[in-house]
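Trainee: Taking the UniProt record's numbering, the leading residue of the sequence shown gets 1, the next gets one more, and so forth.
Mixed in with the good hints there might be a few duds.
Stated by the list, open to error - Simulated crosslink set (SDA-like; lysine to any residue; CA at most 25 angstroms straight-line):
#: 1; residue 1: Lys-41; residue 2: Val-83
#: 2; residue 1: Lys-56; residue 2: Gly-87
#: 3; residue 1: Lys-56; residue 2: Gly-32
#: 4; residue 1: Lys-41; residue 2: His-67
#: 5; residue 1: Lys-41; residue 2: Lys-56
#: 6; residue 1: Lys-41; residue 2: Gly-87
#: 7; residue 1: Lys-56; residue 2: Pro-95
#: 8; residue 1: Lys-41; residue 2: Gly-62
#: 9; residue 1: Lys-56; residue 2: Gln-23
#: 10; residue 1: Lys-56; residue 2: Gly-38
#: 11; residue 1: Lys-41; residue 2: Glu-53
#: 12; residue 1: Lys-56; residue 2: Pro-43
#: 13; residue 1: Lys-56; residue 2: Gly-40
#: 14; residue 1: Lys-56; residue 2: Ala-91
#: 15; residue 1: Lys-56; residue 2: Pro-90
#: 16; residue 1: Lys-41; residue 2: Leu-22
#: 17; residue 1: Lys-56; residue 2: Val-83
#: 18; residue 1: Lys-56; residue 2: Gly-45
#: 19; residue 1: Lys-56; residue 2: Arg-94
#: 20; residue 1: Lys-41; residue 2: Phe-63
#: 21; residue 1: Lys-41; residue 2: Asn-60
#: 22; residue 1: Lys-56; residue 2: Phe-26
#: 23; residue 1: Lys-41; residue 2: Arg-88
Stated by the list, open to error - Beta-carbon label-pair distances, calculated as ranges:
#: 24; residue 1: Gly-40; residue 2: Cys-80; range: 38 to 48 angstroms
#: 25; residue 1: Gly-79; residue 2: Glu-37; range: 33 to 43 angstroms
#: 26; residue 1: Cys-99; residue 2: Asp-28; range: 42 to 52 angstroms
#: 27; residue 1: Arg-85; residue 2: Glu-47; range: 16 to 26 angstroms
#: 28; residue 1: Asn-78; residue 2: Asp-35; range: 28 to 38 angstroms
#: 29; residue 1: Asp-35; residue 2: Cys-80; range: 38 to 48 angstroms
#: 30; residue 1: Leu-22; residue 2: Arg-85; range: 11 to 21 angstroms
#: 31; residue 1: Gly-40; residue 2: Cys-99; range: 38 to 48 angstroms
#: 32; residue 1: Pro-90; residue 2: Glu-37; range: 15 to 25 angstroms
Hints in this document: simulated from the structure, not taken from any laboratory.
C-beta: ideal position from N, C-alpha, C; glycine also.
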Amino acid sequence: MLFSSRIGLLVCLCASAHAYSLQEWFHDTSDGYCDVEGYGKIPVGGEVYSDEECEKIICNEGFISSHSCDLAPINLGNGCHFVPRQGRYPACCRPERMCRMDIISSH
Numbered sequence: 001m002l003f004s005s006r007i008g009l010l011v012c013l014c015a016s017a018h019a020y021s022l023q024e025w026f027h028d029t030s031d032g033y034c035d036v037e038g039y040g041k042i043p044v045g046g047e048v049y050s051d052e053e054c055e056k057i058i059c060n061e062g063f064i065s066s067h068s069c070d071l072a073p074i075n076l077g078n079g080c081h082f083v084p085r086q087g088r089y090p091a092c093c094r095p096e097r098m099c100r101m102d103i104i105s106s107h
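With the hints as extra help, turn the sequences into a complete structure.
Mentor: Below, the structure is given as structure tokens:
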């Protein structure tokens with residue numbers, strides 16, 4: 001995602017498979033809006049969501065906040081791993097456990 005200003009702050013809080021990140025960019029909101037690529041004009045104090053990216057964007061006076069979950073697949077062994085979910089932030093931050101099922105046929 002691209003914003004008009006590249007000056008930013010990144011905070012990452014990590015707990016087991018959950019990784020939450022907060023990024024903030026300075027942004028001119030003198031017209032009362034944040035103009036965010038892919039989201040359009042967001043009023044100051046407003047927020048929008050991307051369920052596909054598991055992200056929440058907040059337009060604050062003078063800056064934009066992006067809250068997301070940076071979940072990479074984590075291998076748990078035995079054919080199981082955590083995968084990120086899609087959906088509304090922050091509920092989408094809870095990863096889903098997926099396991100491969102091997103079918104063994106005996107004849």
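Trainee: Taking the hints in turn, state whether each one holds.
Mentor: Hints, verified against the model:
no.	hint	verdict
1	Lys-41 to Val-83	violated, 32 angstroms
2	Lys-56 to Gly-87	holds, 11 angstroms
3	Lys-56 to Gly-32	holds, 19 angstroms
4	Lys-41 to His-67	holds, 18 angstroms
5	Lys-41 to Lys-56	holds, 14 angstroms
6	Lys-41 to Gly-87	holds, 22 angstroms
7	Lys-56 to Pro-95	holds, 17 angstroms
8	Lys-41 to Gly-62	holds, 14 angstroms
9	Lys-56 to Gln-23	holds, 11 angstroms
10	Lys-56 to Gly-38	holds, 13 angstroms
11	Lys-41 to Glu-53	holds, 19 angstroms
12	Lys-56 to Pro-43	holds, 14 angstroms
13	Lys-56 to Gly-40	holds, 14 angstroms
14	Lys-56 to Ala-91	holds, 11 angstroms
15	Lys-56 to Pro-90	holds, 8 angstroms
16	Lys-41 to Leu-22	holds, 20 angstroms
17	Lys-56 to Val-83	holds, 19 angstroms
18	Lys-56 to Gly-45	holds, 13 angstroms
19	Lys-56 to Arg-94	holds, 15 angstroms
20	Lys-41 to Phe-63	holds, 13 angstroms
21	Lys-41 to Asn-60	holds, 12 angstroms
22	Lys-56 to Phe-26	holds, 17 angstroms
23	Lys-41 to Arg-88	holds, 20 angstroms
24	Gly-40 to Cys-80: 38 to 48 angstroms	holds, 40 angstroms
25	Gly-79 to Glu-37: 33 to 43 angstroms	holds, 40 angstroms
26	Cys-99 to Asp-28: 42 to 52 angstroms	holds, 49 angstroms
27	Arg-85 to Glu-47: 16 to 26 angstroms	holds, 20 angstroms
28	Asn-78 to Asp-35: 28 to 38 angstroms	violated, 48 angstroms
29	Asp-35 to Cys-80: 38 to 48 angstroms	holds, 43 angstroms
30	Leu-22 to Arg-85: 11 to 21 angstroms	holds, 19 angstroms
31	Gly-40 to Cys-99: 38 to 48 angstroms	holds, 40 angstroms
32	Pro-90 to Glu-37: 15 to 25 angstroms	holds, 23 angstroms
When each numbered hint is compared with the structure, violations occur for hints 1, 28.
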